[in-house]
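Novice: Next come the chains, spelled out residue by residue.
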Amino acid sequence: MENTSSDIRQLNEKIHQASAFVDLLNMELGKVIVGQKYMVERLLIGLLAQGHVLLEGVPGLAKTLSIKSLSSAINGKFSRIQFTPDLLPADVIGTMIYNQQRNEFMVRRGPIFANFILADEINRAPAKVQSALLEAMQERQITIGDTTFKLDEPFLVLATQNPIEQEGTYMLPEAQVDRFMLKVVIGYPTKEEERHIIRQNLNPQATPEIRPVIQPSDIMEARKLVREVYMDEKIEKYIIDIVFATRNPEEYKLQKLKPLIAYGGSPRASINLALAAKAYAFMKRRGYVIPEDVRSICFDVMRHRVGLTYEAEAENVTSENILSEILNAVEVP
Amino acid sequence: MYRQKIIIRLFLCLLPGLILPGTMLAQTAPEVHAGVDTTNIRIGEQVKLRLTATIPAAQFKDIRLGFPVLPDSLDHFEVVSRSSVDTSGDDQLKVLGQTFVLTSFDSGHWDIPAMRFEVLQSNSALADSLFTLPVGIDVGTVAVDTTKAFKPIKSVVTAPWRIWDYWMEITGGMLLVLIIIGIIWFLRTRKKSIPEVPTPTVTPYELATQQLQALKAEKVWENGDIKGYYTRLTDILRTYFEHQFGIAALEQTSEELLQNIKPVTKLNQQRDKLRSILSVADLAKFAKLQPSADEHLSSMQKAEEILEWTRPKSEETSGEGVVTQEA
Chain E
1 MENTSSDIRQ LNEKIHQASA FVDLLNMELG KVIVGQKYMV ERLLIGLLAQ GHVLLEGVPG
61 LAKTLSIKSL SSAINGKFSR IQFTPDLLPA DVIGTMIYNQ QRNEFMVRRG PIFANFILAD
121 EINRAPAKVQ SALLEAMQER QITIGDTTFK LDEPFLVLAT QNPIEQEGTY MLPEAQVDRF
181 MLKVVIGYPT KEEERHIIRQ NLNPQATPEI RPVIQPSDIM EARKLVREVY MDEKIEKYII
241 DIVFATRNPE EYKLQKLKPL IAYGGSPRAS INLALAAKAY AFMKRRGYVI PEDVRSICFD
301 VMRHRVGLTY EAEAENVTSE NILSEILNAV EVP
Chain B
1 MYRQKIIIRL FLCLLPGLIL PGTMLAQTAP EVHAGVDTTN IRIGEQVKLR LTATIPAAQF
61 KDIRLGFPVL PDSLDHFEVV SRSSVDTSGD DQLKVLGQTF VLTSFDSGHW DIPAMRFEVL
121 QSNSALADSL FTLPVGIDVG TVAVDTTKAF KPIKSVVTAP WRIWDYWMEI TGGMLLVLII
181 IGIIWFLRTR KKSIPEVPTP TVTPYELATQ QLQALKAEKV WENGDIKGYY TRLTDILRTY
241 FEHQFGIAAL EQTSEELLQN IKPVTKLNQQ RDKLRSILSV ADLAKFAKLQ PSADEHLSSM
301 QKAEEILEWT RPKSEETSGE GVVTQEA
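Note that the protein sequences, when read in sequence, are chains E and B.
Mapping the first sequence onto our numbering, position 23 (from 1) lands on 23, and the numbers just tick up by one.
Mapping the second sequence onto our numbering, position 84 (from 1) lands on 84, and the numbers just tick up by one.
Honestly, the hints are just simulated from the structure, not real lab data.
One or more of the hints may lead you astray.
[Unchecked claim] No more than 25 Å apart at the CA atoms, straight line, and that leaves these computed lysine-lysine pairs for DSS-like:
| # | chain 1 | residue 1 | chain 2 | residue 2 |
| --- | --- | --- | --- | --- |
| 1 | E | K14 | B | K288 |
| 2 | B | K216 | B | K288 |
| 3 | E | K234 | B | K216 |
| 4 | B | K227 | E | K284 |
[Claimed, not checked] If you want the footprint, here are the derived chain E segments under chain B, 3+ residues with CB under 8 Å:
| # | region |
| --- | --- |
| 5 | 287 to 296 |
| 6 | 303 to 312 |
| 7 | 317 to 331 |
The C-beta atom is built at its ideal place from N, Cα and C for all residues, glycine as well.
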């Protein structure tokens with residue numbers, strides 16, 4: 001059914017009211033997390049758009065603190081899994097153990113049974129463990145023995161990858177990386193932020209505690225509204241143009257990119273770009289998507305979905321460079 | 001008496017042979033022969049070996065003759081080339097022949113061995129074998145006077161220049177010249193046939209003004225196409241910025257555009273007006289907002305004011321600021 005202008009106005013007002021919690025959440029998280037607003041914003045987008053986030057950054061950038069704080073602010077259950085080469089799928093999803101007293105096998109649930117999962121250094125575990133986690137992310141359910149368990153909602157996985165020390169790691173295959181809605185690359189804080197961090201850490205009494213400001217059910221309601229955010233066909237076309245430009249750059253007068261791109265974004269990229277843009281619009285307290293929303297989120301949605309050729313790697317061309325070229329070439333509606 | 005009788009009997013016995021017609025003495029069986037054009041060659045020189053088989057015409061259809069198959073190398077001889085079997089003859093005799101060119105690199109007297117021809121019946125059954133006689137060839141060596149010193153290697157001898165050696169190059173060159181003349185002629189005549197239409201050039205300002213006037217004249221929003229009205233209005237402004245100030249406005253979002261006009265002082269002075277137009281346009285384009293008629297008029301007026309304010313003082317058409325008018 002097509003939305004009329006009055007429908008959208010009502011929706012806009014509804015979303016304006018419903019998205020007020022975003023400011024509350026940001027304020028609460030801002031108590032303990034200095035800087036890293038970009039990362040926190042992306043975490044919320046992942047949470048609202050029902051996606052998962054792959055985080056790349058050097059150690060010590062408050063990744064764990066961010067997701068732990070987010071979990072506390074939403075009153076969710078948090079779980080951290082440190083991926084190591086000797087980790088087994090059962091260590092992640094759980095297993096059946098034999099109970100001698102009852103003389104039967106019982107299910108022992110793994111750490112994945114939580115609302116917020118921090119999969120730390122996911123590339124350090126072998127493929128079968130990665131696969132177990134990624135399957136759970138996709139299906140949002142786990143099968144142990146003969147029993148299938150639905151995972152709690154909201155369910156957000158924040159996986160981290162360390163860009164340094166690549167020896168002995170298991171790179172996530174393209175098909176697995178595609179399952180992450182966003183790949184966020186975070187950098188160091190600014191000088192001013194770093195000063196705040198030092199002061200905050202040297203004075204433990206000043207470290208505030210995160211209080212729950214909303215409930216998981218509020219997130220579930222917000223997710224429904226995110227899906228209702230109006231997306232005009234012009235925006236849909238814009239999204240399609242961006243994704244198609246990664247596949248056939250020559251059709252967008254970007255012939256020079258053709259030898260640099262091994263493969264472009266999948267249809268899942270289009271879906272996720274649209275969903276993430278809606279979530280971004282929601283966070284900006286709008287009931288409709290504008291091109292800014294798409295552009296703001298585009299790098300995080302697309303950077304891990306554009307495959308580079310050897311030629312590109314030899315020339316030190318990154319997927320971000322390619323996406324910049326594409327965004328500068330595709331006409332904004 | 002007895003002696004006379006014997007002589008008479010012998011004479012009677014020989015008489016039929018003497019009086020039989022000449023035709024009765026003609027060839028009645030196939031014959032083969034090997035011949036060479038010379039029996040004396042020097043090392044490396046060639047000798048032609050001709051193998052012939054003569055068959056009575058009456059038998060020609062009934063029998064087939066298998067020529068010997070020579071390998072590439074015989075004893076002391078090498079086969080340089082071989083022809084196919086040819087046929088000649090008349091009503092009486094048919095002659096089949098094949099020529100081989102042989103050479104030898106061993107000095108001495110060597111025999112080309114006897115060659116075996118197979119006489120085959122019509123059902124391919126072997127009826128007989130015929131052999132040629134061996135042919136002796138003297139292969140002489142070059143006399144070397146060892147008492148004399150070695151002579152230097154002769155330099156390359158230049159062949160005499162002949163025009164026909166270069167007929168391909170000469171013909172190709174002439175063809176190339178003709179083709180070039182043809183292309184020049186074609187281009188000149190084509191140019192003449194198409195009348196040159198002077199392409200009108202307008203400044204970005206003029207183009208944008210014309211497009212705004214056209215938008216007004218078409219009464220787009222009056223006809224209910226609000227989205228189309230604002231899409232065209234913003235596109236006119238973005239295209240103008242692109243041509244006039246070199247800002248890639250068509251590929252920028254509203255916020256990016258407002259940021260990127262900052263370095264252009266004259267345009268930045270109209271920032272608020274531009275923001276107002278873009279905000280209303282974004283709402284109309286992406287949120288199905290229906291602005292009032294006043295807002296439509298106001299947006300148009302602001303767009304005209306931006307154009308007027310940023311209009312270059314001199315309308316001289318100097319390179320960058322000139323655009324070709326689209327049909």
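Novice: Would you mind marking each hint as holding or not holding in the structure?
Specialist: So, going through the hints one by one against the coordinates:
1. E:K14 / B:K288: 16 Å, holds
2. B:K216 / B:K288: With a Cα-Cα distance of about 21 Å, the restraint between B:K216 and B:K288 holds, given a limit of 25 Å.
3. E:K234 / B:K216: 23 Å, holds
4. B:K227 / E:K284: With a Cα-Cα distance of about 23 Å, the restraint between B:K227 and E:K284 holds, given a limit of 25 Å.
5. 287 to 296: holds (count 7)
6. 303 to 312: With 0 residues close enough to chain B, the hint is violated.
7. 317 to 331: holds (count 5)
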